[in-house]
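*Asks:* Going line by line, the protein sequences match chains A and B.
Mapping to our numbering: the first sequence position 75 is 472, numbers consecutive.
Mapping to our numbering: the second sequence position 398 is 468, numbers consecutive.
Derived by calculation from the structure, the hints in this document are not laboratory data.
All C-beta atoms in this analysis are idealised placements derived from N, C-alpha and C, irrespective of residue type, glycine included.
Worth double-checking, as some hints may not be accurate.
[Said to hold, decoys possible] Calculated Cβ distances over 12 Å to all of chain A for the following chain B residues:
1. Gly98
2. Asp158
3. Met200
4. Lys536
5. Arg577
6. Ser615
7. Asn677
8. Ile687
9. Pro724
10. Lys766
11. Ser806
[As the list claims (entries may be wrong)] Only pairs whose alpha carbons sit at most 25 Å apart, straight line, appear in this in silico SDA-like list of lysine to any residue:
12. B/Lys650 / B/Gly608
13. B/Lys436 / A/His435
14. A/Lys539 / B/Asp171
Residue-level listing of the chains:
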Amino acid sequence: MNIQVSRRRFLQLAGAGAAATSIAAFGYGEAEAEVAAHVRNFKLAKSTETRNTCTYCSVACGIIMYSRGDLTKGEQANIFHIEGDAEHPTNRGTLCPKGAALLDMVHSKTRTLYPQVRKPGSDKFERISWDEALDRITRLMKDDRDKNIIERNAAGVTVNRWTTTGFLAASATTNETAWETYKVVRSTGIVAFDNQARV
Amino acid sequence: MTNSWTDIKNTDLVVIMGGNAAEAHPCGFKWVTEAKHNRGAKLIVIDPRFTRSASVADFYCPIRQGTDIAYLLGVINYCIQNDKVQWDYVKSYTNAGLLVDERFGYSDGLFTGYDEEKRDYDRTSWDYQMGADGFALIDDTLQNPRCVWNLLKQHVAVYTPEMVERICGTPKDKFLKVCEMIGECSSKTRTMTSMYALGWTQHSKGSQNIRAMAMLQLILGNIGVRGGGMNALRGHSNIQGLTDIGLMSNLIPGYLNIPTERETSLDVYMSTRGFKPLRPGQTSYWQNYKKFFVSFQKAMWGEAATAENNFAYDWLPKLDVPSYDILRAFELMHAGRMNGYFCQGFNALLSFPNRKKITAALSKLKFLVVMDPLQTETARFWENHGDFNDVNSASIQTEVFELPTSCFAEDEGSLTNSGRWLQWHWPGGTPPGDAKSDNWIMAQIYLRLKALYEKEGGPVADPILKLDWRYKDPGDPTAEELAKELNGYAVSDLADPSDPTKIVVARGKQVPGFAVLRDDGSTACGCWIYSGCFTEAGNQMARRSTNDPDDTGTFPTWAWSWPVNRRILYNRASADLEGKPWDESRKLMWWDGTKWTGYDVPDIAPNAQPGEVMPFIMNAEGTARLFSLRGLREGPFPAHYEPFEAPIANVLAPHIRGNPAARVFKDDAAQFGDAKDFPYAATSYRLTEHFHFWTKHAQINASLQPEFFVEISEELAKEKGIVRGGWVRVSSVRGSIRAKAVVTKRIRPLVCDGKTVHIVGIPLHWGFTGETKEGFGPNSLTPFVGDANIETPEYKAFLVNIEAISGPVA
């Protein structure tokens with residue numbers, strides 16, 4: 398639903414005449430406007446448009462991401478442009494200095510790419526596989542939980558409290574990830590559970 | 071937000087205090103511009119700095135950080151003294167007339183029941199006088215000296231314009247101009263909106279800052295109306311969602327509570343959650359608490375949660391302290407009592423106060439797991455970066471895992487914005503390298519932990535083994551599957567209570583909303599306030615209709631808003647007692663003779679008789695609370711307290727340091743600084759070009775604001791021999807940082823209690839990873855103390871010293 402949207406529909410609704418007029422208003426002559434519209438069409442024809450939301454603040458501006466490749470068809474997709482969603486009631490196509498540079502975040506040179514471990518006392522990260530990382534993490538969790546979970550308090554009341562491992566959740570994840578995270582963390586008895594809502 | 075971003079266009083007066091929307095929320099701020107342009111609305115900005123919001127304000131008013139309560143109680147005092155009160159609203163829709171316990175009082179800066187040893191109150195007397203009929207006593211004429219209104223009048227009397235000037239450093243004439251502009255909004259046909267953010271929350275009395283404004287908005291009749299409300303401009307894209315779903319120590323989704331260990335059984339837990347109405351005929355909607363709680367337990371543990379085992383009540387952890395918030399967690403870690411820690415997209419090393427303590431605490435962990443799309447400082451807390459991260463790697467024994475995650479552009483699901491809109495989004499790119507979604511990672515951790523318990527056994531294994539995990543691919547639950555659980559479904563056929571032969575919702579079907587949830591185990595629902603987001607009619611959060619009937623700014627079919635797609639909370643209060651809109655030109659909901667109708671989903675039963683059922687249905691009184699009973703730890707009314715580190719003593723109660731009910735750990739108390747050593751009042755904030763510690767990883771933003779700096783006034787620069795662009799060292803008891811100085815007219819000294827107070831501004835975006843220059847942040851300096859109710863750290867008001875230094879050798 399709603400994957401293929403906005404710009405194309407906007408142009409359809411507005412009509413070619415109106416689109417050309419608005420391009421003229423930006424200072425293009427008629428010929429240039431035609432070229433611009435023509436090129437635009439090529440760009441759109443080869444790209445997939447996807448509706449998303451800016452990842453930064455809680456204004457939650459609508460954005461449209463343009464990619465080569467279509468995930469819905471099982472293809473690899475590379476995002477090459479992000480702009481404000483003109484149909485979005487709040488931002489109406491505008492973006493702030495942060496949102497306007499979202500593409501640089503997606504393709505940041507300092508994105509994490511592979512699981513890594515830093516061993517005790519070491520001064521460097523080493524690459525490991527997901528299996529190695531996850532098996533080791535769950536081993537550490539279980540050993541700590543088995544040793545330290547408080548099943549009953551001094552009065553004999555069942556309290557199931559695991560206070561020696563904590564979990565900070567992320568307020569840029571989706572509600573769905575949040576719910577899944579909630580289920581997993583609560584089921585273990587972790588009580589040092591928090592998120593950015595507090596800071 | 072009680073209202074929405076698009077609703078701000080309906081206002082007459084915008085007050086930005088405790089925030090800086092033009093810089094931190096630019097595309098939301100456009101609605102302020104719309105209101106100014108189209109309605110002739112005015113903008114007031116009250117801030118220690120002349121911000122970009124201030125630069126487009128109709129009136130800018132300075133204030134010393136950490137004195138907002140004195141200021142706002144001063145405005146309330148002005149409104150009461152000058153009859154700037156929406157009387158019909160106050161008398162009918164607030165608890166102004168209810169009578170308060172004779173034992174309750176306030177003197178010398180403290181309310182009744184204070185225990186200095188415990189830094190806490192015995193709150194018994196913070197209550198209403200109860201009648202023999204079980205309802206609270208009321209005096210509709212507001213004559214009784216014990217009614218809330220008269221106690222409030224007495225409480226705020228001390229906050230005169232002169233006192234406000236003395237405490238806040240706000241010149242009296244400027245304060246009175248603000249009072250005058252705000253006072254005009256007591257008219258039934260003028261509204262004011264409050265826009266605030268972390269400038270109010272990041273104080274040791276943040277909750278009371280917000281309460282003070284909420285009280286003022288009630289007195290003006292501005293809650294529940296178009297263009298009004300209390301509008302929290304939340305920071306992160308899904309901070310609202312994470313709060314709603316309760317990813318906090320003491321919460322269950324939908325603002326239910328994790329039990330304490332004193333609540334030894336479900337019956338005991340429910341015994342204090344009856345929510346019996348305090349006035350005749352009132353809704354007191356929390357009476358449905360058990361339905362939401364049991365449905366949550368069913369969503370967690372499915373068939374294993376039965377009536378026989380009290381719906382798995384024992385499997386929930388039981389708290390022995392109010393909460394294991396981040397301050398307590400790092401205190402435990404620092405004391406060597408925490409072994410493992412997970413940071414899922416959270417840069418703790420730069421986010422939490424007293425960085426030296428945070429580094430020491432992380433160094434005592436056995437293991438740390440960081441899941442993040444970016445290389446964070448937290449994942450590298452053990453890495454030496456000179457004085458930007460001065461650690462000895464070899465001495466740190468923590469095993470650290472860095473797990474690469476997908477980012478927003480590669481992920482599917484919903485985010486809840488400030489205005490409570492749940493907007494679904496779709497993935498458009500392939501994650502780089504071997505990055506995986508958080509859903510996959512959490513599922514893998516769960517399945518592997520479960521497998522270990524199946525194989526080896528271990529204590530308290532059932533809550534893990536029996537967690538409801540019926541996903542098509544258990545190793546990678548989809549966003550749709552999880553959203554459907556949040557919405558809730560019928561576990562068995564739900565019969566119509568009035569006609570048992572009729573099935574309202576068939577077994578396995580999505581419920582239409584929380585009204586059908588039950589407490590007998592026949593419904594499951596992850597988060598009751600989200601019920602309705604993904605029904606049998608499909609994913610409501612994916613709706614994208616721009617339809618906005620009569621241009622009210624409501625946009626009822628764009629995405630979905632909690633609760634029940636309601637766009638403005640308390641909207642029944644937009645009409646008078648008979649159900650007629652206060653302002654016909656700005657009507658929202660009205661009584662059509664048989665039911666409530668209008669542009670929004672009514673925030674009251676559709677057939678609730680006007681004049682009988684009051685609009686604040688979540689409160690047992692049916693009214694809003696000017697007196698908050700036992701709701702907040704430091705008192706039923708806000709009172710002025712200085713920050714823990716303040717340039718002057720508390721003028722009203724010089725013996726009280728900080729908020730008397732705030733929790734302070736012993737070692738941290740020893741690390742508070744005094745004005746004689748650290749004479750300057752510091753504050754922290756964001757810049758428009760950056761978002762926390764993320765955008766320093768984005769090339770354009772790193773180019774726009776490449777280098778850390780601090781801001782000071784020309785007066786302070788002159789006094790300290792600091793030149794524009796020169797290097798300075800800023801220090802507190804807890805640490806010191808170096809920075810270039812921006813000397814600006816945008817910060818001016820204030821005079822408080824006869825003393826000149828200089829302000830030092832410290833933006834927060836720098837660290838030692840990413841594309842900006844390496845730099846410091848305010849958390850190297852800030853105190854380890856939080857708000858008394860929710861433990862939000864006091865980042866906005868603390869003391870520092872500043873000295874000119876020679877720059878680093880190039």
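*Asks:* Beyond 12 Å from every Cβ of chain A: is that where the Cβ of serine 806 of chain B lies?
*Replies:* The claim stands: serine 806 of chain B keeps its Cβ more than 12 Å from every Cβ of chain A (closest is about 22 Å).
*Asks:* Does the claim that glycine 98 of chain B lies off the interface hold, with its Cβ farther than 12 Å from every Cβ of chain A?
*Replies:* violated (4 Å)
*Asks:* Per the stated criterion, does the least C-beta distance between asparagine 677 of chain B and chain A lie above 12 Å, as a non-interface residue requires?
*Replies:* holds (31 Å)
*Asks:* Non-interface claim for serine 615 of chain B: all C-beta distances to chain A beyond 12 Å?
*Replies:* violated (10 Å)
*Asks:* Can the restraint linking lysine 436 of chain B and histidine 435 of chain A be considered satisfied, given a maximum Cα separation of 25 Å?
*Replies:* With a Cα-Cα distance of about 60 Å, the restraint between lysine 436 of chain B and histidine 435 of chain A is violated, given a limit of 25 Å.
*Asks:* May I ask you to check that lysine 766 of chain B keeps its beta-carbon over 12 Å from the closest beta-carbon of chain A?
*Replies:* Lysine 766 of chain B not clear of chain A: closest Cβ-Cβ about 9 Å, inside 12 Å.
*Asks:* Is the nearest Cβ of chain A still more than 12 Å from the Cβ of methionine 200 of chain B?
*Replies:* Label holds. Min Cβ-Cβ 32 Å, cutoff 12 Å.
*Asks:* Does glycine 608 of chain B lie within 25 Å of lysine 650 of chain B when you go C-alpha to C-alpha?
*Replies:* With a Cα-Cα distance of about 35 Å, the restraint between lysine 650 of chain B and glycine 608 of chain B is violated, given a limit of 25 Å.
*Asks:* Determine whether the non-interface label on proline 724 of chain B survives the test: each CB of chain A must be over 12 Å from its CB.
*Replies:* Check passes; 31 Å lies beyond 12 Å.
*Asks:* Sort out whether aspartate 171 of chain B lies within 25 Å of lysine 539 of chain A, counting only the CA atoms.
*Replies:* violated (51 Å)
*Asks:* Determine whether the non-interface label on isoleucine 687 of chain B survives the test: each CB of chain A must be over 12 Å from its CB.
*Replies:* holds (25 Å)
*Asks:* Verify this label for me: arginine 577 of chain B is non-interface relative to chain A, using a Cβ-Cβ cutoff of 12 Å.
*Replies:* holds (22 Å)
In the structure shown, a violation is registered for the earlier hints numbered 1, 4, 6, 10, 12, 13, 14, in ascending order.
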